[in-house]
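**Q** Chains B and G supply the protein sequences, listed in that same order. Note that the working numbering has the first sequence beginning at 1, numbered continuously upward. Note that the working numbering has the second sequence beginning at 375, numbered continuously upward.
Calculated from the structure, these hints are not laboratory results. Here a beta-carbon is modelled for each residue, glycine too, at the ideal position from N, C-alpha and C. Treat each hint with caution, since some may be false.
The calculated label-pair distances, taken between Cβ atoms and stated as ranges, are [stated by the list, open to error]:
| id | chain 1 | residue 1 | chain 2 | residue 2 | range |
| --- | --- | --- | --- | --- | --- |
| 1 | B | A180 | G | L597 | 33 to 43 Å |
| 2 | G | L441 | B | G341 | 53 to 63 Å |
| 3 | G | P434 | B | L153 | 50 to 60 Å |
| 4 | B | A57 | G | L441 | 21 to 31 Å |
| 5 | B | D274 | G | V643 | 49 to 59 Å |
Where chain B lies over chain G, by a calculated footprint (3+ residues, C-beta under 8 Å) [as the list claims (entries may be wrong)]:
| id | segment |
| --- | --- |
| 6 | 451–461 |
| 7 | 466–472 |
| 8 | 537–544 |
| 9 | 601–607 |
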Amino acid sequence: MPSSRILATIAALLVAGSAHADTTATIPVLVPLTGFLALEGASQRNGALLAFRAAAASVTVRHEVIDTATSPEAALNAFARARRQEAPTAVVAPMLGTQMLALLPAALEARVPLITVSGTAEITERGNPWVFRFFPGDAVVKTAQARYVVEDLGRRRVALVYQTTAYGQSGHRHLVDVFARLGAAVVVEEGLAPAVKDMAPVLTKVRAARPDVLVLQLHAEASARLVRQAAALGLGLPIVAGSAMHQPATVALLEPAELAGVCAESGASPISEDAPAVRRWVADYRAAFQVEPDAFALAQYDGVAMVLAAVAAGARDGEAVRRALAAGRYEGLAMTYRSDGAGNMAHDAVIVCYDGRDRTPRVARRYVNAAGTG
Amino acid sequence: MSDLLQLIVSALSLGATYALVALGFVLVLNATNAVNFAQGELVVAGGFLAIALAPLLPVPGIVLLPLVAVATGAIGLLLSAVAYFPLRRRPPTAVFVSTIAFGIILQNSVLRLAGPEPGGAPPLLADGAVEVGEAVVGRQSLAVVAAAAILVLLVHILIERTQLGRRLRATAQDPEIARALGVPVVPLIAVSFALGAALAGAAGLLVANQFFISPGDGANFMLKAYIAVVVGGWGRIGGAVLGGLLIALFESFVAAAVSQLAAEVLLYVALLAILAFRPTGLLGETAGRRA
Numbered sequence: 001m002p003s004s005r006i007l008a009t010i011a012a013l014l015v016a017g018s019a020h021a022d023t024t025a026t027i028p029v030l031v032p033l034t035g036f037l038a039l040e041g042a043s044q045r046n047g048a049l050l051a052f053r054a055a056a057a058s059v060t061v062r063h064e065v066i067d068t069a070t071s072p073e074a075a076l077n078a079f080a081r082a083r084r085q086e087a088p089t090a091v092v093a094p095m096l097g098t099q100m101l102a103l104l105p106a107a108l109e110a111r112v113p114l115i116t117v118s119g120t121a122e123i124t125e126r127g128n129p130w131v132f133r134f135f136p137g138d139a140v141v142k143t144a145q146a147r148y149v150v151e152d153l154g155r156r157r158v159a160l161v162y163q164t165t166a167y168g169q170s171g172h173r174h175l176v177d178v179f180a181r182l183g184a185a186v187v188v189e190e191g192l193a194p195a196v197k198d199m200a201p202v203l204t205k206v207r208a209a210r211p212d213v214l215v216l217q218l219h220a221e222a223s224a225r226l227v228r229q230a231a232a233l234g235l236g237l238p239i240v241a242g243s244a245m246h247q248p249a250t251v252a253l254l255e256p257a258e259l260a261g262v263c264a265e266s267g268a269s270p271i272s273e274d275a276p277a278v279r280r281w282v283a284d285y286r287a288a289f290q291v292e293p294d295a296f297a298l299a300q301y302d303g304v305a306m307v308l309a310a311v312a313a314g315a316r317d318g319e320a321v322r323r324a325l326a327a328g329r330y331e332g333l334a335m336t337y338r339s340d341g342a343g344n345m346a347h348d349a350v351i352v353c354y355d356g357r358d359r360t361p362r363v364a365r366r367y368v369n370a371a372g373t374g
Numbered sequence: 375m376s377d378l379l380q381l382i383v384s385a386l387s388l389g390a391t392y393a394l395v396a397l398g399f400v401l402v403l404n405a406t407n408a409v410n411f412a413q414g415e416l417v418v419a420g421g422f423l424a425i426a427l428a429p430l431l432p433v434p435g436i437v438l439l440p441l442v443a444v445a446t447g448a449i450g451l452l453l454s455a456v457a458y459f460p461l462r463r464r465p466p467t468a469v470f471v472s473t474i475a476f477g478i479i480l481q482n483s484v485l486r487l488a489g490p491e492p493g494g495a496p497p498l499l500a501d502g503a504v505e506v507g508e509a510v511v512g513r514q515s516l517a518v519v520a521a522a523a524i525l526v527l528l529v530h531i532l533i534e535r536t537q538l539g540r541r542l543r544a545t546a547q548d549p550e551i552a553r554a555l556g557v558p559v560v561p562l563i564a565v566s567f568a569l570g571a572a573l574a575g576a577a578g579l580l581v582a583n584q585f586f587i588s589p590g591d592g593a594n595f596m597l598k599a600y601i602a603v604v605v606g607g608w609g610r611i612g613g614a615v616l617g618g619l620l621i622a623l624f625e626s627f628v629a630a631a632v633s634q635l636a637a638e639v640l641l642y643v644a645l646l647a648i649l650a651f652r653p654t655g656l657l658g659e660t661a662g663r664r665a
């Protein structure tokens with residue numbers, strides 16, 4: 001990994017945007033850069049940094065990137081540190097659900113909007129007006145995932161494997177509900193801790209239940225591990241995974257042949273899109289970070305871009321930004337964002353699938369306002 | 375029947391890596407009476423060394439294995455020089471803390487050099503699967519079990535059949551008497567660290583293809599090695615191997631029969647039961663003092 005180039009890029013982004021500026025926005029970036037969500041956290045960071053670089057000339061962005069690792073305490077410490085230095089205009093907040101739940105009271109007290117791509121449903125179910133989620137929540141993407149399984153694949157005997165983290169349990173709850181509504185039966189379900197290495201036991205349980213599809217709600221590494229071992233053991237079932245499976249860094253762990261028959265839900269798939277603006281963004285991202293972008297990076301980019309647009313339009317503090325996000329509508333690169341009144345800004349989803357020939361997925365189905373929340 | 379075979383082979387392949395990690399842990403424990411808490415991070419270092427070497431040397435993992443073992447062995451020597459020898463006359467807690475510190479430094483070095491992404495090492499021989507009766511078994515799983523068995527056998531021969539092994543055992547049993555008899559205790563302790571680290575590094579390469587590896591995985595490997603040594607018998611070389619295999623088989627069978635969560639819980643219940651009813655482990659203790 002050419003990490004020195006990435007650091008140089010980050011350093012360049014740190015000083016970017018000061019020319020002709022007459023408004024300053026302070027936006028700390030608090031994301032998990034170590035631990036089992038480091039992949040997703042790096043995407044969040046990169047998306048935010050690209051958005052800072054693209055800020056209007058009239059806006060200067062001050063920011064610091066702080067690693068929140070994987071514990072709620074680390075996230076709270078990072079938030080306190082960011083607040084001590086300067087009153088934030090908004091905060092790029094970690095996508096780990098347990099960390100977000102811990103940050104909600106702190107944001108309420110500090111009156112700072114949290115801009116996140118966390119999929120955990122509960123973060124916008126607590127009536128906190130300071131949280132804004134730019135990646136479609138579980139109500140959206142789990143609906144899309146379940147509908148694709150039932151309506152497109154025609155499968156009704158579901159094996160469901162999920163992570164025991166807040167993210168996994170939230171997705172599990174939504175999937176069970178949606179499958180029940182769609183008339184599909186969950187014939188076996190199993191929760192896995194992120195540290196579980198050997199997937200043979202869960203695959204054995206799955207096979208014994210005779211499902212006709214395997215649905216995953218796992219983090220990136222666990223998704224790849226399960227897909228690899230399912231291929232090695234000849235499971236022979238279609239797999240419809242959570243958004244982690246659309247990430248290029250996850251897919252890079254696998255051989256193309258292992259991906260045959262694997263699909264995933266996501267808010268978007270930037271490397272699969274043909275829209276010129278998205279293609280330009282993908283090129284910028286590759287040039288800046290020497291890695292492939294994923295939907296988390298694009299969603300975080302769009303979220304920060306909406307904040308910066310509000311600042312450029314006159315929002316000077318957290319309260320003004322919150323009002324702008326709560327009431328506004330923003331044409332982002334991935335989709336059109338608008339709040340549902342609870343801070344859920346993203347309402348569209350895609351299903352991407354791999355054909356086993358390469359690692360670039362194709363968009364198999366788009367769901368606009370998938371859960372009727374938008 | 376085919377599911378059972380798949381389950382056993384997959385569990386043994388993970389258990390074999392636990393066994394190597396625990397074996398290295400015991401070698402250092404016996405030589406120094408100190409717990410090396412950096413052992414898990416050495417597994418991660420070995421895995422990422424293999425991942426880094428793979429594009430430079432596009433050869434099967436089995437060819438990379440000795441290179442990775444030598445490189446992590448060198449890290450083990452560094453570990454002994456930095457975190458053990460300067461503190462060996464201090465209370466054992468000083469060495470515990472210093473090896474934890476070394477492990478954290480190693481973890482963050484891997485993170486800095488390789489990035490936060492999980493990685494996958496090349497297969498030992500080849501990808502794919504073979505059919506054994508009605509069962510489909512991964513080639514990598516079989517190769518990992520075979521490679522680990524060969525490494526354990528080589529360590530056994532080294533310890534039991536060579537002059538170096540006799541000196542290592544003499545140092546482990548009583549370093550003062552060994553020194554009085556002319557055995558070079560300090561270099562032998564350094565060799566123990568190197569061997570222990572080489573085994574951890576080899577385990578890292580073995581595990582990193584089928585199961586992948588992340589910079590944050592070290593603590594989990596350390597925990598499994600520690601449990602394996604407690605289960606097998608504190609300081610028992612054979613016990614470490616037995617403990618590693620038993621842990622993986624126990625987890626796999628309980629997870630397949632009940633659930634993964636039950637497997638986690640019952641593993642620690644079993645550990646508590648062993649500590650309560652057979653505190654010397656299944657094969658009994660050799661080391662005098664338990665950490």
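**Q** Could you run down the list of hints and mark each one as holding or not?
**A** We went through each hint and held it up to the structure:
Checked against the given bound of 33 to 43 Å, the beta carbons of A180/B and L597/G, roughly 38 Å apart, stay inside it. With their beta carbons about 59 Å apart, L441/G and G341/B fall inside the hinted range of 53 to 63 Å. Take P434/G and L153/B: their Cβ atoms lie about 38 Å apart, and the range 50 to 60 Å is violated. Checking the proposed 21 to 31 Å range against A57/B and L441/G shows it is violated: the Cβ atoms sit about 52 Å from each other.
The hint said 49 to 59 Å for the Cβ distance between D274/B and V643/G, and at roughly 55 Å that hint holds. Coverage of the segment 451–461 of chain G by chain B is violated in this model, with 0 residues showing a Cβ closer than 8 Å to a Cβ of that chain against a need of three. Here's how the segment 466–472 of chain G fares: 0 of its residues keep a CB closer than 8 Å to some CB of chain B, so the rule of at least three is not met and the hint is violated. With 0 residues bearing a CB less than 8 Å from a CB of chain B, the segment 537–544 of chain G misses the requirement of three and the coverage assertion fails.
Three residues within the 8 Å Cβ limit are the bar, and the segment 601–607 of chain G against chain B gives 0, so the coverage statement is violated.
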